[in-house]
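There are 2 protein chains.
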Amino acid sequence: MNVLIVYAHPQPRSLNGALRDFAVRRLEAAGHRVQVSDLYAMQWKATLDEHDAPERDPREPFHASLDSKRAFAEGTQSADIAREQEKLRWADTVIFQFPMWWFSMPAIMKGWFDRVYAYGFAYGVGEHSDTHWGDRYGEGSMSGKRAMLVVTTGGWDSHYSARGINGPIDDLLFPIQHGMLFYPGFDVLPPVVVHRTGKVDAARWDAITHTLGGRLDTLATTAPIPYRRQNFGAYDIPALTLKDDVSPGQTGFAAHLA
Amino acid sequence: MNVLIVYAHPQPRSLNGALRDFAVRRLEAAGHRVQVSDLYAMQWKATLDEHDAPERDPREPFHASLDSKRAFAEGTQSADIAREQEKLRWADTVIFQFPMWWFSMPAIMKGWFDRVYAYGFAYGVGEHSDTHWGDRYGEGSMSGKRAMLVVTTGGWDSHYSARGINGPIDDLLFPIQHGMLFYPGFDVLPPVVVHRTGKVDAARWDAITHTLGGRLDTLATTAPIPYRRQNFGAYDIPALTLKDDVSPGQTGFAAHLA
Numbered sequence: 001m002n003v004l005i006v007y008a009h010p011q012p013r014s015l016n017g018a019l020r021d022f023a024v025r026r027l028e029a030a031g032h033r034v035q036v037s038d039l040y041a042m043q044w045k046a047t048l049d050e051h052d053a054p055e056r057d058p059r060e061p062f063h064a065s066l067d068s069k070r071a072f073a074e075g076t077q078s079a080d081i082a083r084e085q086e087k088l089r090w091a092d093t094v095i096f097q098f099p100m101w102w103f104s105m106p107a108i109m110k111g112w113f114d115r116v117y118a119y120g121f122a123y124g125v126g127e128h129s130d131t132h133w134g135d136r137y138g139e140g141s142m143s144g145k146r147a148m149l150v151v152t153t154g155g156w157d158s159h160y161s162a163r164g165i166n167g168p169i170d171d172l173l174f175p176i177q178h179g180m181l182f183y184p185g186f187d188v189l190p191p192v193v194v195h196r197t198g199k200v201d202a203a204r205w206d207a208i209t210h211t212l213g214g215r216l217d218t219l220a221t222t223a224p225i226p227y228r229r230q231n232f233g234a235y236d237i238p239a240l241t242l243k244d245d246v247s248p249g250q251t252g253f254a255a256h257l258a
Numbered sequence: 001m002n003v004l005i006v007y008a009h010p011q012p013r014s015l016n017g018a019l020r021d022f023a024v025r026r027l028e029a030a031g032h033r034v035q036v037s038d039l040y041a042m043q044w045k046a047t048l049d050e051h052d053a054p055e056r057d058p059r060e061p062f063h064a065s066l067d068s069k070r071a072f073a074e075g076t077q078s079a080d081i082a083r084e085q086e087k088l089r090w091a092d093t094v095i096f097q098f099p100m101w102w103f104s105m106p107a108i109m110k111g112w113f114d115r116v117y118a119y120g121f122a123y124g125v126g127e128h129s130d131t132h133w134g135d136r137y138g139e140g141s142m143s144g145k146r147a148m149l150v151v152t153t154g155g156w157d158s159h160y161s162a163r164g165i166n167g168p169i170d171d172l173l174f175p176i177q178h179g180m181l182f183y184p185g186f187d188v189l190p191p192v193v194v195h196r197t198g199k200v201d202a203a204r205w206d207a208i209t210h211t212l213g214g215r216l217d218t219l220a221t222t223a224p225i226p227y228r229r230q231n232f233g234a235y236d237i238p239a240l241t242l243k244d245d246v247s248p249g250q251t252g253f254a255a256h257l258a
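Going down the list, the protein sequences come from chains A and B.
At position 111 of the first sequence (counting the first as 1) the number is 111 in UniProt numbering, and the numbers step up by one without a gap.
At position 115 of the second sequence (counting the first as 1) the number is 115 in UniProt numbering, and the numbers step up by one without a gap.
Chain A on its own, in the form it takes in the complex (with noise of 0.2 Å):
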């Protein structure tokens, strides 16, 4: 299959450079094609600005949805943006790879998503109505597609734990894996999270290696994270909150797993 890998680590020579070169081998040595957005080597602009739409009226005043909107539609995005949707569209999976930094990705991939994420490619797509809210949350351009998270933290496993200080893990990723990839429908693998990123001895990194590497050979295979899909029954639409009988009493983020 086809494989994109979004990354963002400032460092060639880190962890993470060698998780992304080792990511790269294992998926073309099993005879998948791949392709790297290095959005540090590519210099990616991370500020979604008026020179996203270069070809908008100047008179008027920029607005971040409507110009995005309007260069999708009529085909006037910067290249760079363009470029990227094509690599999307090319793509069976994709996987995003970054250091978390602040409890979230670094502001270049941050820029990625702000800016590829145009208006009529990953939202405002479908109707929008009163009874039908947009082809999002399990539907979408995405739709068919995969994505997995590959991250790595410097704090411990027991941090990021259902008690731990900083915040689970999975709900620390859900504004990301459900907010930004389940949304234009992509199926959301679980991720693979390094954590303690700052003591990788031989030994650690051949157990990093083989975890990861076995999610490398099971991308098509392993069952994603099963959000409830927006169009299918589970939500009262518009108001979109769960239905009285579903996940019945529950809230926050673990009700809108089926």
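What the hints contain is simulated information worked out from the structure, not anything from laboratory work.
Be a bit skeptical, because a hint or two may be false.
Given that identical chains are not distinguished, each listed pair holds provided it fits within a single copy or across any two copies.
No more than 27 Å apart at the CA atoms, straight line, and that leaves these computed lysine-lysine pairs for DSS-like [as the list claims (entries may be wrong)]:
1) K87 - K145
2) K69 - K45
3) K69 - K199
4) K145 - K45
5) K199 - K45
6) K199 - K145
7) K243 - K87
8) K243 - K199
9) K45 - K243
10) K69 - K145
Given the coordinates of chain A, assemble chain B onto it according to the supplied hints.
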């Protein structure tokens, strides 16, 4: 008091721009001193990279945290970073205002945290050992200061409610409020969240500014979110998990509220 507003929106002629102007006027009318870091107007550099430590040894591989530590300690950080840190030292209260994009802040503001939050300034503060895991989560350089988010969303209140499809707003903001603000020591006030920004008529503007105005008038007295402090008995160290008798049986973000 001294109030810093860190603001990220690409268009001054917008609801966010109007709310920012409203806040500045309201605070100044009450006798406060106000500075605004308007990240788009400043063309803030979003991406943390080797240029942030301009006097580093270019023969050595760039290391995001160690180069940050050295540049901060030696006073050789890039000037834009040092200026923002000085504003933080000056401020008694910091307001972060942004439109929610993909369930987080725009990349340009994420890059403000990635870069301004240097090692030794916002993390890596205090003793780090198996009995004291740094001055953080309730202690640190921002101790004694207050912070508050002002966030706009296009979606409806119900979409962000306890059983709403996007996840509860408090949980979506936890990585920011707890992980970026409480972490270096801020007392974090409950956020001001404005939903459904596509439909703001005169009556809603009045209601929104009434709420925001009230919150600005009470910045000094509003009770902060009662996050549990790391080093005052609630957590086992170094595992940094809640002790069994603290929020017994509870998991997830809410367990970290006293």
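- [ ] Tell me, please, which holds for K199 and K145 at an alpha-carbon limit of 27 Å: within, between, both or neither?
- [x] neither (34 Å within a copy, 34 Å between copies)
Open item on the list: With identical chains, the pair K69 and K145 could be close in the same copy or across copies; at 27 Å between alpha carbons, which is it: within, between, both, or neither?
Closed with: Intra 23 Å, inter 41 Å, cutoff 27 Å: intra-copy only.
Task: Copy assignment of K243 with K199, given that the CA separation must stay at most 27 Å - done: between (46 Å within a copy, 26 Å between copies)
Task: Within, between, both or neither: K69, K199 at alpha-carbon 27 Å - done: Between. Shortest inter-copy distance 19 Å satisfies the 27 Å Cα cut-off; intra-copy 46 Å does not.
Task: K87 and K145: within-copy, between-copy, both or neither at 27 Å Cα - done: within (12 Å within a copy, 45 Å between copies)
Open item on the list: Cα distance capped at 27 Å. Does K69 pair with K45 within a copy, between copies, both, or neither?
Closed with: For K69 and K45, both the intra-copy (19 Å) and inter-copy (26 Å) Cα distances are at most 27 Å.
Open item on the list: Cα distance capped at 27 Å. Does K199 pair with K45 within a copy, between copies, both, or neither?
Closed with: Neither way: K199 and K45 sit 32 Å apart in one copy and 31 Å across, limit 27 Å.
Task: Within, between, both or neither, where K243 and K87 count as close if Cα-Cα is 27 Å or less - done: neither (37 Å within a copy, 47 Å between copies)
- [ ] State whether the alpha carbon distance between K145 and K45 is at most 27 Å within one copy, between copies, both, or neither.
- [x] within (25 Å within a copy, 33 Å between copies)
Task: 27 Å Cα threshold - placement of K243 relative to K45 - done: neither (41 Å within a copy, 44 Å between copies)
When each numbered hint is compared with the structure, violations occur for hints 5, 6, 7, 9.
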